[in-house]
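Visitor: As a plain string of letters, each chain reads:
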Amino acid sequence: MRVGLFITCLVDGVFPDVGDAMVQLLRRLDVDVDVPLQQTCCGQMHINSGYGSLALPLIKNQVRSFDGYDVVVAPSASCVGSVRHQYEQIARARGDERLVDEVLALAKRTYELSEFLVDVLGVTDVGAYFPHRVAYHPTCHSLRALHTADRSVRLLAAVEGIDLVALSLAESCCGFGGTFALKNSDVSGAMLGDKVECVVQSGAGFVTAADSSCLMHIGGGLTRVGASARTIHLAEVLASTR
Amino acid sequence: MTFLGIPGAPRGVGHLRGDEPFPDAAREALKNTQLRDNLRNATTTIRAKRAAVVAELPDWMELRAAGAAIKDDVLANLERYVLELEANVTRRGGVVHWARDANEANAIAVNLVLETGAREVVKVKSIATQEIGLNDALEAVGIGAIETDLAELIVQLGHDWPSHILAPAIHRNRSEIRDIFLREMPDVDPELTNDPPALAEAARRHLRKKFLSATVAISGANFAIAETGTLAIVESEGNGRMCLTLPRTLITVMGIEKLLARWRDLEVFLQLLPRSATGERMNPYTSMWTGAVEGQEFHLILLDNGRTATLADPHGRAALRCIRCSACLNVCPVYERVGGHAYGSVYPGPIGAVLSPQLTGIDDNASLPFASTLCGACLEVCPVAIDIPSMLVHLRGRAVEYRQQQSRLPSGESVVMSSLGAAMSSPRRWNVALRLLSLSRRVVANRTLVKFLPGDVSRWTKVRDLPSIPRESFRARWRHQTQAKP
Chain A
3 MRVGLFITCL VDGVFPDVGD AMVQLLRRLD VDVDVPLQQT CCGQMHINSG YGSLALPLIK
63 NQVRSFDGYD VVVAPSASCV GSVRHQYEQI ARARGDERLV DEVLALAKRT YELSEFLVDV
123 LGVTDVGAYF PHRVAYHPTC HSLRALHTAD RSVRLLAAVE GIDLVALSLA ESCCGFGGTF
183 ALKNSDVSGA MLGDKVECVV QSGAGFVTAA DSSCLMHIGG GLTRVGASAR TIHLAEVLAS
243 TR
Chain B
30 MTFLGIPGAP RGVGHLRGDE PFPDAAREAL KNTQLRDNLR NATTTIRAKR AAVVAELPDW
90 MELRAAGAAI KDDVLANLER YVLELEANVT RRGGVVHWAR DANEANAIAV NLVLETGARE
150 VVKVKSIATQ EIGLNDALEA VGIGAIETDL AELIVQLGHD WPSHILAPAI HRNRSEIRDI
210 FLREMPDVDP ELTNDPPALA EAARRHLRKK FLSATVAISG ANFAIAETGT LAIVESEGNG
270 RMCLTLPRTL ITVMGIEKLL ARWRDLEVFL QLLPRSATGE RMNPYTSMWT GAVEGQEFHL
330 ILLDNGRTAT LADPHGRAAL RCIRCSACLN VCPVYERVGG HAYGSVYPGP IGAVLSPQLT
390 GIDDNASLPF ASTLCGACLE VCPVAIDIPS MLVHLRGRAV EYRQQQSRLP SGESVVMSSL
450 GAAMSSPRRW NVALRLLSLS RRVVANRTLV KFLPGDVSRW TKVRDLPSIP RESFRARWRH
510 QTQAKP
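First to last, the sequence lines map onto chains A and B. Residue numbers for the first sequence follow this note's numbering, so the first one is 3 and each next one is one higher. Residue numbers for the second sequence follow this note's numbering, so the first one is 30 and each next one is one higher.
Calculated from the structure, these hints are not laboratory results. Check before you lean on any hint, since a few could be wrong.
Have a look at the derived ranges for each label pair, beta carbon to beta carbon [as the list claims (entries may be wrong)]:
{"#": "1", "chain 1": "B", "residue 1": "457", "chain 2": "A", "residue 2": "149", "range": "44 to 52 Å"}
{"#": "2", "chain 1": "A", "residue 1": "66", "chain 2": "B", "residue 2": "256", "range": "26 to 34 Å"}
{"#": "3", "chain 1": "A", "residue 1": "66", "chain 2": "B", "residue 2": "508", "range": "48 to 56 Å"}
{"#": "4", "chain 1": "B", "residue 1": "170", "chain 2": "A", "residue 2": "149", "range": "52 to 60 Å"}
{"#": "5", "chain 1": "A", "residue 1": "106", "chain 2": "B", "residue 2": "477", "range": "47 to 55 Å"}
{"#": "6", "chain 1": "A", "residue 1": "3", "chain 2": "B", "residue 2": "447", "range": "52 to 60 Å"}
{"#": "7", "chain 1": "B", "residue 1": "94", "chain 2": "A", "residue 2": "103", "range": "23 to 31 Å"}
{"#": "8", "chain 1": "A", "residue 1": "121", "chain 2": "B", "residue 2": "444", "range": "24 to 32 Å"}
{"#": "9", "chain 1": "B", "residue 1": "143", "chain 2": "A", "residue 2": "96", "range": "49 to 57 Å"}
{"#": "10", "chain 1": "A", "residue 1": "29", "chain 2": "B", "residue 2": "457", "range": "49 to 57 Å"}
{"#": "11", "chain 1": "A", "residue 1": "96", "chain 2": "B", "residue 2": "513", "range": "47 to 55 Å"}
DSS-like, lysine-lysine: derived pairs with alpha carbons at most 27 Å apart [to be verified]:
{"#": "12", "chain 1": "B", "residue 1": "60", "chain 2": "A", "residue 2": "185"}
{"#": "13", "chain 1": "B", "residue 1": "491", "chain 2": "B", "residue 2": "78"}
{"#": "14", "chain 1": "A", "residue 1": "110", "chain 2": "A", "residue 2": "62"}
{"#": "15", "chain 1": "A", "residue 1": "185", "chain 2": "B", "residue 2": "239"}
C-beta: ideal position from N, C-alpha, C; glycine also.
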């Protein structure tokens with residue numbers, strides 16, 4: 003099984019440690035992982051901002067980048083959600099039948115990290131060690147678009163030494179929402195304030211999630227109020243060993 | 030489908046648009062901490078109730094699919110069903126009127142009331158009449174309109190606007206309601222407390238006199254059944270029943286999308302609606318009437334006001350499935366923070382963000398499709414499975430298109446989006462962009478320098494810190510790693 007790492011533009015440019023963790027973790031599980039450097043961005047930001055036509059070349063590039071890989075794995079529920087749920091709509095709106103077939107084939111073999119581990123590889127204990135108090139924030143796309151949040155929880159629960167604490171109002175959106183964070187920065191800030199308060203109340207030293215984008219927003223809020231909790235991507239927790 | 034692309038389908042007018050864009054209205058609303066507390070308490074309670082009664086139905090998903098399919102059939106054959114409804118209402122002694130928009134509907138209703146000589150009317154289930162601004166139109170000719178639904182009465186006495194479809198006074202707590210009653214009800218007990226039963230009793234005494242003296246009632250409708258000509262209203266208080274039965278003249282204002290084709294369709298919606306709306310297995314009062322009963326006059330005003338125009342968009346028309354349950358408002362994290370007034374329309378929340386811009390045309394409500402994080406909570410609870418998140422994305426596209434048509438000069442946002450699009454459509458250019466990003470790390474890390482970055486950055490840094498930018502992108506690291514290998 004040849005696995006292509008769909009790194010996502012945000013991890014590529016801002017959170018390379020998450021990419022390293024993905025590679026480390028997958029190799030530890032004997033996965034033949036490669037990073038096709040043809041990839042850039044999946045186009046979700048353009049699609050969700052109303053620039054669907056600008057996303058078209060990005061969608062085509064995504065298809066070309068992962069041609070020849072059996073499985074595509076990403077450290078993001080929202081980018082996978084875009085490939086799985088939005089690509090087809092854009093391709094159909096263009097009336098490009100060949101592209102429709104290509105994106106459907108890509109969608110079928112594209113997975114978010116935790117569903118790849120649990121559903122494809124069939125592992126829940128990945129041999130990780132992370133002796134810290136951790137709160138899990140189920141991102142909206144993990145929870146409601148891909149329905150994979152339960153897989154993330156099972157993976158975290160199997161980590162040795164971890165003290166997984168409950169996050170109150172966990173299922174409530176953190177307020178990121180891509181360009182929403184800028185266009186409606188006040189509402190976004192109010193939602194972030196509530197999320198930060200819940201993280202602080204949980205007593206966790208780390209808050210983890212399947213999406214770096216939400217974590218960037220939550221992390222920026224945590225440091226702004228001087229909270230001691232830090233954000234860490236799910237892949238980084240799972241990649242940690244003794 | 031004959032309605033597709035109807036040239037000049039009328040645009041919705043009335044209370045469907047605000048005075049300012051959503052982000053500005055929301056910023057104001059956020060300052061009201063009392064409002065946020067009221068909303069949080071109310072939506073948290075109703076969310077839990079809804080979840081409990083939905084979970085107990087094993088066939089909820091099937092019911093939901095049936096509800097969506099029934100409504101889609103209605104929308105695809107609207108012309109046939111609406112004529113069938115007209116024929117059946119007329120056959121049973123009712124009079125049917127057609128209103129292309131709010132202004133026409135108001136003119137028809139006002140004339141009907143004037144003909145009766147009444148100076149006061151009682152009203153129930155009136156969101157459609159709030160949409161068209163009927164109370165103002167009546168007042169302009171000296172006719173007083175009394176809202177009889179408790180929450181709408183609170184809104185009316187408070188000289189206020191509904192902030193929720195189902196619970197229009199959700200933004201008020203009981204102390205605020207007591208103060209409104211003390212100020213506005215002429216015969217109220219000056220010792221009135223904020224105890225809910227006492228408040229309800231005060232409203233009951235106030236309204237009872239109105240019911241007994243009113244000769245004209247104006248109502249909305251939850252459903253209208255084409256094959257029988259029957260109209261239906263579901264409610265909790267029984268005030269609707271009084272409005273529908275006591276006055277001599279009944280005038281119903283109904284959006285044309287409220288139709289159901291068959292009597293048996295009602296069974297699906299009488300399960301979906303109360304569970305989604307109030308979190309009840311069944312609502313206390315369901316009133317149905319067919320045409321006019323002896324001694325009563327019945328007028329039905331069929332309202333378009335942008336509905337046909339909405340129907341013309343294949344990616345947006347499913348918004349007309351909406352049965353006004355408000356479940357999407359109650360779960361929406363944005364609505365919960367800002368309340369209904371910020372949306373500027375009588376239809377707030379997620380459904381309002383897709384419905385209002387379609388009823389008015391995107392140009393009048395261009396900021397609403399962006400009033401969402403696309404978190405998906407609305408789709409999850411919608412009893413007729415309206416894919417609100419996808420529809421929001423579709424309408425964002427229409428908003429961007431509209432803006433581009435309006436101005437020869439590209440907006441700042443479209444320049445950023447085009448540049449990013451250009452960088453991202455070529456791996457080589459993307460690589461350069463990532464290098465430039467790494468070079469910016471010292472600026473981004475410096476809180477003083479960050480202040481000089483463009484506006485979007487300051488909107489980010491107002492409440493959050495920027496992440497630190499790494500020395501190297503992931504792909505640069507990967508390249509070193511793979512090249513280092515023999």
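Visitor: Now tell me, hint by hint, if it's right for this structure.
Guide: Hints, one by one, checked against the model:
For residue 457 of chain B paired with residue 149 of chain A, a C-beta distance near 37 Å fails the hint of 44 to 52 Å. Against the hinted window of 26 to 34 Å, the Cβ-Cβ separation of residue 66 of chain A and residue 256 of chain B comes to about 54 Å, which falls outside the hint. A hinted range of 48 to 56 Å for the beta carbons of residue 66 of chain A and residue 508 of chain B is inconsistent with their spacing of about 19 Å. Taking the beta carbon of each, residue 170 of chain B and residue 149 of chain A are about 56 Å apart, inside 52 to 60 Å as hinted.
For the hinted restraint 47 to 55 Å between residue 106 of chain A and residue 477 of chain B, the CB-CB distance of approximately 50 Å keeps it satisfied. Between residue 3 of chain A and residue 447 of chain B the C-beta distance comes to about 38 Å, which lies outside the given range of 52 to 60 Å. Between residue 94 of chain B and residue 103 of chain A the CB atoms are about 27 Å apart, so this pair conforms to the stated range of 23 to 31 Å. In this structure the hint that residue 121 of chain A and residue 444 of chain B lie 24 to 32 Å apart at CB is violated, the actual value being about 42 Å.
Against the hinted window of 49 to 57 Å, the Cβ-Cβ separation of residue 143 of chain B and residue 96 of chain A comes to about 55 Å, which satisfies the hint. The beta-carbon spacing between residue 29 of chain A and residue 457 of chain B, approximately 28 Å, falls outside the hinted interval of 49 to 57 Å. A hinted range of 47 to 55 Å is violated for the C-beta pair residue 96 of chain A and residue 513 of chain B, which are about 42 Å apart. Between residue 60 of chain B and residue 185 of chain A the CA atoms are separated by roughly 18 Å; this keeps the pair inside 27 Å, and the hint holds.
Proximity of residue 491 of chain B to residue 78 of chain B is assessed by CA-CA distance (about 37 Å); at most 27 Å being required, the pair is judged violated. Taking the CA atoms of residue 110 of chain A and residue 62 of chain A, the gap is about 16 Å. The hint holds against a cut of 27 Å. The hinted pair formed by residue 185 of chain A and residue 239 of chain B fails the criterion: a straight-line CA distance of about 47 Å is larger than 27 Å.
The structure shown violates the earlier hints numbered 1, 2, 3, 6, 8, 10, 11, 13, 15.
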